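S.K.: One letter stands for each residue in the lines below.
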Amino acid sequence: MIQTIIIADDSSTARMVTRRCLEIAGYQQARILDARDGREALVMVKSQGVDLLVTDLNMPGMDGTSLLRHIKSSPRLHNLPVLVISSMGNAARQEELLRLGAFAVLDKPVSPAAIVRALKELEATEEREA
Amino acid sequence: MIRILRPPREALMAAVADTLEGMAFEQVELIESGVDAPPWPGVEPETFPGQEKGPPAPPARLWFCLPLSAPLRGLVAVELPGVYAAQIAGALYGPEEQSPQREAVRDTMGELLNTLAGRFMQELLGPDQNFELGFPRAGEGEMLSPDAPAVKLTFSAAGYPFQALLFGDHFVREDTFILQKEEVQL
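Protein sequences appear in the order of chains H and Z.
Just so we're aligned, residue 1 is where the first sequence starts under this note's numbering, counting upward by one.
Just so we're aligned, residue 1001 is where the second sequence starts under this note's numbering, counting upward by one.
These are computed hints drawn from the structure, not numbers from a lab.
Computed from a prediction, not measured in an experiment: that's the story for all the values here.
Ideal Cβ placement from N, Cα and C applies to all residues, glycine included.
Hints may contain errors.
Facing chain Z, a subset of chain H residues (Cβ under 10 Å, in silico) [said to hold, decoys possible]:
no., residue
1, Arg20
2, Glu23
3, Asp56
4, Ser86
5, Arg93
6, Asp107
Please take these sequences and the hints and turn them into a complete structure.
M.R.: So this is what it looks like as structure tokens:
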């Protein structure tokens, strides 16, 4: 069950839109935390019990791809599900991000329906693997 | 070799329409399309820092620009009435933000431009070629004079005229861009 979610995006507008989409998608009871870049998100992921990371790609400092690499190469964090929401997610990059370990890559502007679909697929995958 | 799938002007038109409809729920209408030498953004330091508190009257004109870093270098910009930018931010932030603060307006327009630039590059390059974007900048008033020409599209949405601009030699030299889908050496 997803109880704590981190949204990493340098735009407060994008974080607000993603938060609303998550709430509409049924996660209004979850604790949703904001991170303004990849480094801040990584610190939060390491220090808090997090069930889902939603990240942008194009952020100053540590970008979303580096954040994903850090998480998936960490023995302690590599099971954390990572959802990428970006305006740079064409097919070639999607493939690369999925290979790096993201469970889904969504285009901006994101919709609640797209988030619901992605999280349902994640749940189904986790149930199959349990 | 960079493959250009459609003329930059068409890609920009599609990106503006998709982005405004997807983010601000606005139908846009193309009023004018041309190659022009408009003022150049990005020389003057930011004069719309968004640090002020409270909702003062929005500036008459605002511009927002974002560098296209790779594989083609250029700049995409939007110039629009301040009141329309505030309206877009208000629509996104909801009814509790009827008069959004400057920081919210700037951030909303930066995010809109980021989305628009990504859509533009996807329209231009297709699904198989990666691209890189820079970070948005904002300014107040008229943009400064450049020597570089730009592709300039004038739209209307919600009763406000606004411009989408595309700077960069590759984009402006339209004779470089063949209208049929061929590989183009840039």
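S.K.: What are the numbers of the hints that this structure violates, sorted from low to high?
M.R.: Going through the list in order, the structure violates hint 2 alone and respects the others.
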